[in-house]
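For the record, the sequence lines run as chains A and B.
Mapped onto our numbering, the consecutive letters of the first sequence carry residue numbers 1 to 524.
Mapped onto our numbering, the consecutive letters of the second sequence carry residue numbers 1 to 397.
Calculated directly from the structure, the hints in this document are not laboratory data.
Misleading hints may appear alongside valid ones.
[Unchecked claim] Covered, in the sense of this in silico footprint (three residues per stretch, anywhere, with C-beta under 8 Å from a C-beta of chain B), are these stretches of chain A:
| id | segment |
| --- | --- |
| 1 | 251-257 |
| 2 | 316-322 |
[As the list claims (entries may be wrong)] In silico contact screen, one side only, chain B against chain A (beta carbon under 7 Å); selected entries:
| id | residue |
| --- | --- |
| 3 | SER40 |
| 4 | GLU162 |
| 5 | VAL165 |
In this text, a Cβ means the ideal position worked out from N, Cα and C, and glycines have one as well.
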Amino acid sequence: MKRRYYSFFPQNYKKNLAALRATFEDSSDLVIREFSFGTNKDKEVKAALIFLDGLTNPTIINDSIIKPLMHDNHLLYEEEASDLSDLDLIRNRLLSVGVVKTIYTPNEVIEACLSGNAILMTDGFCQALDIGAKGGEKRAVSEPVSETSVRGPREGFTENLRTNTAMIRRKIKDPSLKIRSAVIGARTHTQVNLLYIDGIVDPDLVDEVERRLKKIDTDAILATGYVEQYIEDNPYTPFPVIWCSEKPDAVAGKLLEGRVAVAVDGTPFVMTMPMLFIENFQTAEDYISRSHYATSMRILRLIAFTISLFAPALYIAFTTFHQELIPTTLLFTTAASSEGIPFPAPVEMGIMMLIFEILREAGVRMPRPIGQTISIVGALVMGEAAVQAGIVGAPVVIVVAITAVSSFAIPFLMDAVSIIRWFLLILASTMGNLGITVGVFILLVHLSSLRSFGAHYLAPLAPFQRRDLKDTAVRAPLWAMHTRPRATNPQDLKRLRSNPPRNPSSSEKATGVRNHDKEQQYDP
Amino acid sequence: MTRNNSTIRKGALPRSITVFGICVLLASFLTGCWSQRELSKLAIVVGTALDIGDQPDTLKLTAQVVKAAEMGASAGSQKSSSGGKAYVNMSYTDRSVLSAVRGISHMQNRRLYFSHNKVLVISSELAKLGMGKGLDTFTRDYESRMNIQLLISKGKAFKILEEDVDLEKVPSLHLFGMMENQKLNSETAVVTLRDYNIATLSGSPAPVVPIVEMKKDKVKLYGTAVFKKGKMIGELDKSQTRGLLWVTDRTRGGALTVDTEWGQVALEYLHSNSSLKPVRTKDGAIRMELTVNEEGAIQSNETTEDLSRLENVEKLKELMKEAIRSDIENALSQARSLSADVFGFGEIIRREYPKEWEKMKNNWDTLFPQIELDIRVNVKLSSTGGLVRPVIPGGAQ
């Protein structure tokens with residue numbers, strides 16, 4: 001939908017102002033500061049500064065716009081000062097503000113106003129000046145809540161788009177980091193920025209993302225998730241096909257792998273695409289810690305994924321279909337705990353899983369202080385008391401607990417897994433291990449059919465790409481990862497050629513000395 | 001890069017997905033959870049005993065069922081143990097094993113579940129009449145496993161399952177553990193249902209099954225029963241069983257006490273292996289050659305003699321050799337008198353000389369006792385244990 005605007009009345013300053021007032025009727029935050037300036041009394045110019053209170057920086061308005069106009073005429077040459085009827089003169093000589101644009105249409109006036117700029121309209125001109133005076137309250141850069149880091153950078157994105165892109169720019173000091181801008185949302189007019197590194201990224205990918213962004217036709221974009229849902233490839237999959245992060249270093253890493261990032265004003269999250277399945281198991285911390293540890297953590301996350309997906313289903317399949325597969329002693333203890341339980345095992349499992357999901361949701365939505373109460377009620381009352389009261393067996397509580405804990409180890413997949421787990425549980429309780437096998441096949445078929453902006457979701461496993469396995473379950477040392485992942489089709493495949501660090505004592509002594517000399521040379 | 005999926009789909013779920021979803025949903029109802037069974041509806045059988053029934057042509061099946069609540073009591077379960085037995089023995093007499101199992105279901109609210117059956121005890125009376133009836137069912141059934149320990153009981157089989165157990169809670173589990181423990185002494189031929197079936201199905205050998213007996217409410221291993229054509233025809237005593245294990249290369253440790261000129265010395269078998277080979281002699285007859293390689297150690301020296309001296313070691317080795325040889329000869333003479341090929345000579349001959357075996361196999365019962373066995377025993381005493389000299393020194397020093 002298009003907003004209907006009035007058109008400028010050429011050179012009719014008063015009418016323009018009145019029309020503007022009409023547009024912003026009942027908007028008490030609109031400020032129209034009328035004043036006049038000029039050296040000659042008869043040549044005084046009437047002007048109005050229009051801005052929305054709260055979106056602008058008062059210091060800029062007072063000191064850099066109004067003050068020079070009204071008091072600093074002496075800065076001008078005498079011949080100029082006599083006639084201030086030239087907008088360019090005002091722009092070039094008086095306004096001490098970084099961003100000043102000349103605008104011509106009322107639409108531009110309104111848009112500039114809404115995005116936090118101040119507009120200077122002067123009597124007798126059909127142009128106005130759009131003066132960058134953005135300001136207002138915003139949250140300071142702080143440590144991200146959803147992703148914490150031990151050795152990595154602590155800063156996280158904020159709700160301010162410019163702050164966010166600046167944080168990325170600060171990581172990648174390269175003019176080839178491009179930031180394209182778009183405005184989406186007929187009412188919200190949300191700034192959406194598209195970031196990529198020219199020369200690495202596949203240009204087709206950038207075009208594709210931009211095309212999809214342009215296709216969005218909606219009146220409101222309030223967060224990254226809105227955009228995500230409009231541009232993703234497979235709207236019906238439970239798996240995330242667009243990656244997002246709260247950490248600038250993580251996004252910078254993705255950009256350097258040849259991905260495109262989309263930042264949306266108003267959310268402390270930046271999305272990157274295309275996304276691969278394996279990215280669910282990667283964290284920014286992986287590349288900071290030593291590769292052995294990072295590898296073992298990757299494997300641990302894969303195990304956690306498997307447990308959180310299959311544990312309840314396998315427990316049900318084993319205890320209701322394949323008792324012969326349980327070691328005899330374990331069977332006795334399991335049987336002992338299911339003695340006197342009024343529900344069939346699948347129902348019992350369902351009850352516990354439901355309770356867990358409710359507790360999790362309650363814990364997320366509740367204010368922090370109440371969250372603690374919930375965990376106490378959940379842990380003690382639900383777990384311990386349910387077993388004592390004989391409603392569920394102890395093994396079921398253990399299985400649900402381990403499932404829950406495992407799913408916290410893979411935060412990206414937690415949503416997907418908590419749905420699929422139910423699907424597998426139903427299959428397991430109707431068909432046992434056969435059902436689980438069927439479920440696994442359906443999952444595999446589904447996963448391998450997924451695409452994210454042209455990239456195969458399961459790459460580099462399917463289609464198999466041997467050289468890209470360096471960053472899957474195994475995180476090879478950084479010096480061994482010579483190439484960027486091929487799944488994103490980067491233009492510049494090679495990262496810089498590097499070699500394993502060498503022990504200086506094993507190489508020639510002379511080399512060490514030479515290196516030392518070089519270092520000194522570089523010293524200014 | 002292909003981007004065929006790039007368009008943003010809108011609207012309702014695609015028809016194909018809806019149809020597929022409905023089909024999956026309906027199919028899952030069709031299954032009706034068949035073969036599903038709740039743990040609390042199962043009676044987990046850990047041991048079975050077969051006796052001759054009191055009516056003619058019947059057998060009495062006793063199933064030992066674990067009371068899971070009692071078993072789990074020690075595992076920290078909330079239900080407190082009542083201090084009772086952790087098992088129930090259920091018996092039923094009928095014409096076949098299967099009908100007896102069905103019969104028990106007339107008396108119980110739970111279904112007997114045989115997958116965790118550990119032991120099958122058959123009374124020697126029934127074994128003498130023939131084992132076919134019981135074993136076929138236990139082999140053919142999907143639920144029952146092939147690694148059940150087979151035992152023959154002297155006296156009533158169900159009595160064995162009423163053993164007064166000390167360390168375990170359930171007699172069957174005690175029996176099962178006891179059989180696994182037998183590699184310590186190599187005096188019992190441990191036989192599973194699978195071993196028994198392999199022996200009978202391969203034709204020639206006479207299967208063996210260990211015998212247990214009840215002595216003052218405790219079960220004790222006693223010897224080995226020898227079978228032929230599914231019927232128990234005789235027994236091997238301890239020494240003969242040891243001989244059997246030597247020949248069939250199943251000795252895995254054990255101890256031997258020898259009487260020396262200075263007193264008793266206990267020797268330990270550390271590593272042993274034996275190989276059995278048929279050899280054709282010049283006159284066309286087939287002999288068997290057995291080579292036993294044994295490595296032992298001195299386990300205890302109750303004399304005052306220093307056994308680390310080489311001539312003493314040689315003496316001990318001779319004694320050890322003699323003991324092994326006498327066990328084997330003992331077993332051989334018993335097997336000959338029963339005319340039962342417990343060693344599996346026939347099978348080895350068939351592999352090595354298939355043509356000759358074709359001629360021999362029909363009258364193997366009469367040929368077997370005539371097969372000569374050459375015994376070669378190589379003994380090595382590799383260690384005197386943790387001590388070199390005796391604790392009480394003296395002797396020839």
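Okay, the hints, checked on the actual structure:
1. Chain B is given as covering the segment 251-257 of chain A, and this is violated because 0 residues of the stretch bring a CB closer than 8 Å to a CB of that chain, at least three being needed.
2. Residues of the segment 316-322 of chain A with a Cβ under 8 Å from some Cβ of chain B number 3, which satisfies the need for three, so the listed coverage holds.
3. With a cut of 7 Å, the hint placing SER40 (chain B) at the interface with chain A holds, because the nearest CB-to-CB distance is about 5 Å.
4. Annotation: interface hint on GLU162 (chain B) violated; nearest CB of chain A at approximately 20 Å, more than 7 Å.
5. Residue-level restraint check for VAL165 (chain B) is violated (minimum Cβ-Cβ distance to chain A is 15 Å; threshold 7 Å).
Consistency note: the structure conflicts with the earlier hints numbered 1, 4 and 5.
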